[in-house]
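Undergrad: Protein chains in written order, with my numbering: chain A, 1166 to 1528; chain B, 1166 to 1528; chain C, 1166 to 1528; chain D, 1166 to 1528; chain E, 1166 to 1528.
Don't read these hints as lab results, they were simulated from the structure.
Quick caveat, the model's predicted, so the values are computed rather than measured.
Where hints are given, some of them may not hold.
Partial list, computed: chain C residues near chain B (C-beta under 8 Å) [said to hold, decoys possible]:
id, residue
1, G1198
2, R1200
3, G1203
4, L1206
5, Q1253
6, L1257
7, F1258
8, F1359
9, N1382
10, V1385
11, Q1389
12, L1391
13, P1496
A virtual CB, placed ideally from N, CA and C, is assigned to each residue, including glycine.
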Amino acid sequence: MAIKKPKFKLRTKKPSKLHKTMGKAPGTVTYTGQREGGQSLLSVINYDENTFNIQEEIGLNEIDFHQKSPFTSWIDVVGLSDELFIDQLGKLFQINPLVLEDIANTQQRPKIDEYENYIFGVFKMLYLNENQEIVSEHLALILMESSVIVFQELKDDVFDGLRERIKTKSGRIRTRGSDYLFFALLDAVVDNYFVILEHVNHRIEVLEDEVYDNPTNDVVHRIQELKKDVLKVRRQIAPVKELVGRLLDSESSLITKDTKLFLRDVQDHCIEINESLQIYREMSMSLMEMYMSNMSNKMNEVMKVLTIMASIFIPLTFIAGVYGMNFDNMPELHYKHGYPIVWGIMVAMFLGMLIYFKRKKWL
Amino acid sequence: MAIKKPKFKLRTKKPSKLHKTMGKAPGTVTYTGQREGGQSLLSVINYDENTFNIQEEIGLNEIDFHQKSPFTSWIDVVGLSDELFIDQLGKLFQINPLVLEDIANTQQRPKIDEYENYIFGVFKMLYLNENQEIVSEHLALILMESSVIVFQELKDDVFDGLRERIKTKSGRIRTRGSDYLFFALLDAVVDNYFVILEHVNHRIEVLEDEVYDNPTNDVVHRIQELKKDVLKVRRQIAPVKELVGRLLDSESSLITKDTKLFLRDVQDHCIEINESLQIYREMSMSLMEMYMSNMSNKMNEVMKVLTIMASIFIPLTFIAGVYGMNFDNMPELHYKHGYPIVWGIMVAMFLGMLIYFKRKKWL
Amino acid sequence: MAIKKPKFKLRTKKPSKLHKTMGKAPGTVTYTGQREGGQSLLSVINYDENTFNIQEEIGLNEIDFHQKSPFTSWIDVVGLSDELFIDQLGKLFQINPLVLEDIANTQQRPKIDEYENYIFGVFKMLYLNENQEIVSEHLALILMESSVIVFQELKDDVFDGLRERIKTKSGRIRTRGSDYLFFALLDAVVDNYFVILEHVNHRIEVLEDEVYDNPTNDVVHRIQELKKDVLKVRRQIAPVKELVGRLLDSESSLITKDTKLFLRDVQDHCIEINESLQIYREMSMSLMEMYMSNMSNKMNEVMKVLTIMASIFIPLTFIAGVYGMNFDNMPELHYKHGYPIVWGIMVAMFLGMLIYFKRKKWL
Amino acid sequence: MAIKKPKFKLRTKKPSKLHKTMGKAPGTVTYTGQREGGQSLLSVINYDENTFNIQEEIGLNEIDFHQKSPFTSWIDVVGLSDELFIDQLGKLFQINPLVLEDIANTQQRPKIDEYENYIFGVFKMLYLNENQEIVSEHLALILMESSVIVFQELKDDVFDGLRERIKTKSGRIRTRGSDYLFFALLDAVVDNYFVILEHVNHRIEVLEDEVYDNPTNDVVHRIQELKKDVLKVRRQIAPVKELVGRLLDSESSLITKDTKLFLRDVQDHCIEINESLQIYREMSMSLMEMYMSNMSNKMNEVMKVLTIMASIFIPLTFIAGVYGMNFDNMPELHYKHGYPIVWGIMVAMFLGMLIYFKRKKWL
Amino acid sequence: MAIKKPKFKLRTKKPSKLHKTMGKAPGTVTYTGQREGGQSLLSVINYDENTFNIQEEIGLNEIDFHQKSPFTSWIDVVGLSDELFIDQLGKLFQINPLVLEDIANTQQRPKIDEYENYIFGVFKMLYLNENQEIVSEHLALILMESSVIVFQELKDDVFDGLRERIKTKSGRIRTRGSDYLFFALLDAVVDNYFVILEHVNHRIEVLEDEVYDNPTNDVVHRIQELKKDVLKVRRQIAPVKELVGRLLDSESSLITKDTKLFLRDVQDHCIEINESLQIYREMSMSLMEMYMSNMSNKMNEVMKVLTIMASIFIPLTFIAGVYGMNFDNMPELHYKHGYPIVWGIMVAMFLGMLIYFKRKKWL
Ligand SMILES: [Mg+2]
Ligand SMILES: [Mg+2]
Ligand SMILES: [Mg+2]
Ligand SMILES: [Mg+2]
Ligand SMILES: [Mg+2]
Ligand SMILES: [Mg+2]
Ligand SMILES: [Mg+2]
Ligand SMILES: [Mg+2]
Ligand SMILES: [Mg+2]
Ligand SMILES: [Mg+2]
Ligand SMILES: [Mg+2]
Ligand SMILES: [Mg+2]
Ligand SMILES: [Mg+2]
Ligand SMILES: [Mg+2]
Ligand SMILES: [Mg+2]
Ligand SMILES: [Mg+2]
Ligand SMILES: [Mg+2]
Ligand SMILES: [Mg+2]
Ligand SMILES: [Mg+2]
Ligand SMILES: [Mg+2]
Ligand SMILES: [Mg+2]
Ligand SMILES: [Mg+2]
Ligand SMILES: [Mg+2]
Ligand SMILES: [Mg+2]
Ligand SMILES: [Mg+2]
Ligand SMILES: [Mg+2]
Ligand SMILES: [Mg+2]
Ligand SMILES: [Mg+2]
Ligand SMILES: [Mg+2]
Ligand SMILES: [Mg+2]
Ligand SMILES: [Mg+2]
């Protein structure tokens, strides 16, 4: 059984585009991700307890934006490779250029920075694609006094339930301000991390069974892929716990004490997730241990078969060889019962070896 | 000996029900555990130094609840899948919806949150079922001024000794308030963790002996199950130490200084437990090391048998083969003592090899 | 060589008696150790710079105890299974029931708790028994204004040098108060930990030599026992460092600034001990590594012998086999020098293989 | 296949020159690097919003330096082995001798020290040479009120983009002071670390494929070189995060609040880099695991071939040997169909073994 | 190749003399090292900017010591086994007995304690002896207002460069007080640690090459010795960083702000050293990994040779065996070309196997 290249494709990593930012002045908006092309799409939901309206695919000039609007506005930007658009939007809302750079920089790790008039956060939406691979989408949120601006790379997201709740006035979302919207968005992102955890957990369980039943080299490869995925997911999820903790300690007037209760709930989930990731990490390391012990077990078994066969038949062959010699003077050859006696000796040796190996528990 | 599927069943993990909460508004009561069906059962024990009465299986409206009751009330709720009941009870006692969500969410890790009028805690009761498997039951406690509400999934619990002490007025429980009751409940939960530790310790000792006497592949599997159990137990127990520490530092008026002395005793036990878990973890890792070294030992032994048999008989067989050749002109064949001389040479070679292997200490 | 059960006895662990405390009210004195039977024995040493007297095996009522005695009293209690006695003594000295519970609970880890009128400490005396096994004895100390109460399980202890110094007025002990006595007791306990460290160090050195000279399976077992002993010893010693640190930071009036200088010296020793334990831990892990590398070395050697023997003689046997065939028409058989030519070929092959293996450095 | 020395040269480490500083008074300028020879070259760029001029290869006396110049000056010193020059420059700018020593000491790890009139920083420029080896260049920066002095070992550096931006007035650099220049230099250094990370990442991916396809001993060596490179790079990059953090907390008047926003962006990048390095470290450890599991796989395969061949043919050879014996009285030899019957038996045994190994899944 | 005892002597560890201190009163001067015998030798250097004089091998009464001398005095004590001398010196300078105990206790780990009139420090001078073994010498320093007392075990030390600088007035030492002398002594000790690091680094590089070229069991032993040496060196060096940090934070009037700048430089070096030790530790662990992978590689190679030889010749021998049978009726034997046909078959099988193994890349 030759070791074959596994069928699953080693995820081809496209070269990072961080070099595109090299040498540029800090604060230059440069998209560093893989989802290029097209214009950014803008849509806005305005709501309060009694009002609800949506503007879809509008232009920047169509936003009617007031610092102190009576409504809460969810401003949604889809597509981050339209650097010019982001620049203009930044100017309209008076966003710091460094923030704009981070919005377009999909390599940016999760972060929360407080500015005077807004709070800026970067997170990663994680979900599974049709091939059950873990996909990460860059997400940037800006919390302002009466609005939240959401920047994402692709149209799909994890906020459908939330949109529904706003539309149908379910729960308390319509009675609260932009800080609760910010929380609700973050909560939806974090809730989706559990889907990823279940996926990882499932892969561990499948691999456990395979290591046990059929430990091929391909399994090793998949264990290693699992370990790398756990490392990558941890990197994108783990910081969120501390970031939410900082929000809870923040004295910004943008977040009410009431919303902090809800953020504490998100933090709870983050702790849970981090613990799970830690356990998955230890379990994936155990998988390799199991594999190695299984290998060494199999080797023992192979060697026992060889040793038993060789130990039984090599001495017998020697006996046969002796009486195949052509010396003139070999009296045994002429004994009447020489042949059956030799067979008797050989059978006795055979049985002796069998008993010996039985006693050693090799049989 | 082919590697067989072990007899013990790999614990089948039912799919998590966390997805049931996905997209719902925060604060929606959603039971995420496996013990579904049936209504929640409510019972109440009221006591003070001179009074003691029990109300069993009563309705919510039968609780006569006053914020400042002269008695201490132990309100017991069994069954958490009755979401409506928990909602109503929450309204009656003015409990925050996020707390109610956590009461029904059996995936919630241990936590303690202080609210204005109550302290909310989530813990895990751990015990062994009839198959000696570790079972975890979700437990939520709410400490109020003159009562403690206890939420559990199943009727059985670890509080029988405590109920007895209240009934028989043994110890100081009848002379103290709800904070002491809260402590006593927590103390009973933590005391039971020692049973789990003894169970784990026993499994380690059994495995140590098996690794030594009979290191089959099945043992590897059970070592890995042990490691996973230690990881899971640690996850449910480890946070308690820090949570109790936070209670000790809390300035809430709900917990008297006197009760804090007792909580410090619980914390002591938690430290002890965490240290034990750490040691069990290292011991379970050592088990794999021992297994691997034992395997490699056995392999050495197998190879020595093969090498000794082959090294002794292959050269002898060669000698016999030489004198089995059919050349016309092989003078040795016609020597008078050719045959016994060859036997002599072969015996000498045999003994020489034996001495060689004896010196190498392979025999 | 079959793997035999090692001669050294796997330390039989008697079942823990922690279950005896289960369900009891907190503060119930319950002995959880193995040294049961008999009454507690009480003796008292009173001293100041000019006075020295001993009362041995007295009753509780014979102690003449004043809160503010002019002497320093060393009150010694031997035997902790006499729960009634400890209860009575506790009442006499007004000790908190939780403290009394910890005095009798030999499972209690090292701790120091400050109360209003006394400081309570639990430590472990470690020493070697006649079989060179590490034995641990539970030790509880109560520091009061003019006395120290010492609770121990067995009569023997590590305080003989200290008793001598008090009796002979050597050093400064007779000129100082109870806090210095407390320090001196702790110092004696910690000094004895170095004996344990030397014992562990010696075992590591013996095992190092054995792993090198004679790496049997028994050695693996002893390495694992060593690792477990290091874990257990660390658990009983490691907390002391931090406990002494807390005493140094304490603002209790029971400990003078002058005595703190001496406690700092004890802390120094504790740091030293913890570092040694850490190093022993890493060294015992290296032992397993060395064992495995030695095993793999031996395997290589065994395989080389097999490979050399088989590679040399199997081809030669083939040659002999060829000329043992019985074809009618095998011209070589009738050559005049056929037989010596074949011998020549076989010797040449033999030498060729020897040179080949020599070049590979396998010989 | 003998193990050959790998073609890639183990990087020859020239002996460290730290001994040159031994015994010298602290503050003695001593170059400890490998890039010796030649004089230091001095050049200066002066700029403000409207002005821009360059002085190249000037003498120390040609600098027209005023503590409070209206321009921002970038003073560039190339070559650090000219100890006398550094001493003189130090005196001109009133730099502490300990700083001068650190400028010339290329062994100095990254650091930032604040002095009364300047902030001194040491960093490492990392880049790849023509052989794709990671090269490290010592870089020292001194931030003064209106100038930054840059010390580097070689003419090439990572600041060309920055020089271009100053010259072409692109970005905000021309409108800001020396603290922004200091930031911009540091930003360029840190941006280049990403190139090193990509190089390391690429090597890991190449090695992953090789471990899978062709796991030779050479691969082990390259994995170990990789691990060492990750260790070395981490050592030179990791401290930067904390150093920038200290700058952010600094109260020095040399750094404006506005520039701190930009430094926070650099810190962000440093966190990202440290996380990547941590992941690369774990991945390089996994490579060894994969290698070992692949080796053990291959061994299993080799042993199976041997066991199958030997187990099939050794018994057959025994049968043939039996009927090659020369006993007078062997009835089977004279059976009419003796020969084909024996062939039948041998074929049956052959097929039996094949089926056996097929069932074991060894074929 | 039997495994022989390595030639290098396992460092014989003389039994620790810590037991000598057991039971003694705290503060009893007891030498616990190996360099016993002889009297302590006392010498003094007095200097200020204009004065310089040396008194060698003087008696205690010859020191002319004033608390507030106008000179700086370097009081050097060589030999620590003269317990009486240390006691007397302690009384003369009013040193705390616990300090005197630590001066003579060569087992004392590095420490710095501040007392009212002096600062006491313990360090370890590390250097290589003529056998290139790492030797550690106990060093105690007492910094007083105008003097530093230096206690060392042996005459040789690492301060010759410093003595020269004082004598020749080079650097700033003659213009500064006792705190600068204290720094200069510590700086010389720390500078010498780099020699030890280079020695360790060299051993790692030698072992790397040996693991690659000639991985014998002896190499394993030397890797383990290396790991132990790194552990021991780390233990003696690592605490210094934190101790210097504490000096920097100290508010003692004995250390001027100016000297702290220099101490910060020492701390810098300590950080560097600790990082190197960490890296050496990881590299020495990698050495074992490389050894094991190399072993498994060699095993693979050995097994391939065996498998190839056996797989080729065992089937051929079977064929020869078949035609060596003595059946009456074996038609092939009488074919005219029977013999060459069988040779043809055997050559074909031989070539077939060669091609098979070639394809498998085993040849
Ligand atoms: Mg840039
Ligand atoms: Mg940037
Ligand atoms: Mg999207
Ligand atoms: Mg949520
Ligand atoms: Mg499973
Ligand atoms: Mg919750
Ligand atoms: Mg939700
Ligand atoms: Mg929730
Ligand atoms: Mg229950
Ligand atoms: Mg308890
Ligand atoms: Mg045992
Ligand atoms: Mg207790
Ligand atoms: Mg209890
Ligand atoms: Mg208790
Ligand atoms: Mg005792
Ligand atoms: Mg002591
Ligand atoms: Mg040794
Ligand atoms: Mg001391
Ligand atoms: Mg192995
Ligand atoms: Mg120096
Ligand atoms: Mg220096
Ligand atoms: Mg320096
Ligand atoms: Mg350069
Ligand atoms: Mg940058
Ligand atoms: Mg790949
Ligand atoms: Mg940024
Ligand atoms: Mg002592
Ligand atoms: Mg001492
Ligand atoms: Mg010396
Ligand atoms: Mg120095
Ligand atoms: Mg090298």
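Undergrad: If a hint holds in the structure, say so; if it does not, say that too.
TA: Hints and how they fare:
1. Look at G1198(C): its Cβ only gets to about 15 Å from chain B, farther than 8 Å, so that hint breaks.
2. Because the closest C-beta pair between R1200(C) and chain B is about 20 Å apart, greater than 8 Å, the hint is violated.
3. Annotation: G1203(C) was flagged as interfacial toward chain B, and the flag is violated, the nearest CB pair being 27 Å apart, outside 8 Å.
4. Hint on L1206(C) is violated. Least Cβ distance to chain B is approximately 28 Å, over the 8 Å limit.
5. Of the supplied interface hints, the one on Q1253(C) is violated, with its beta-carbon coming no nearer than about 19 Å to a beta-carbon of chain B, more than 8 Å.
6. Using the Cβ-Cβ criterion of 8 Å, the hint placing L1257(C) at the interface with chain B is not satisfied: the shortest such distance is roughly 20 Å.
7. The criterion of a C-beta within 8 Å of any C-beta in chain B is not met by F1258(C), whose closest approach is roughly 17 Å, and the hint is violated.
8. Interface restraint check for F1359(C): the shortest CB-CB distance to chain B comes to about 23 Å, outside 8 Å, so the restraint is violated.
9. Given hint, N1382(C) at the interface with chain B, holds; its Cβ is 5 Å from that chain's nearest Cβ, closer than 8 Å.
10. The interface hint given for V1385(C) holds, since its Cβ lies 5 Å from the closest Cβ of chain B, which is under the 8 Å cut-off.
11. Interface hint at Q1389(C): satisfied, since its Cβ lies 6 Å from the closest Cβ of chain B, which is below the 8 Å cut-off.
12. The beta carbon of L1391(C) is not positioned within 8 Å of any beta carbon in chain B (closest approach about 11 Å), and the interface hint is therefore violated.
13. Because the smallest distance between the Cβ of P1496(C) and any Cβ of chain B comes to about 11 Å, over 8 Å, the interface hint for this residue is violated.
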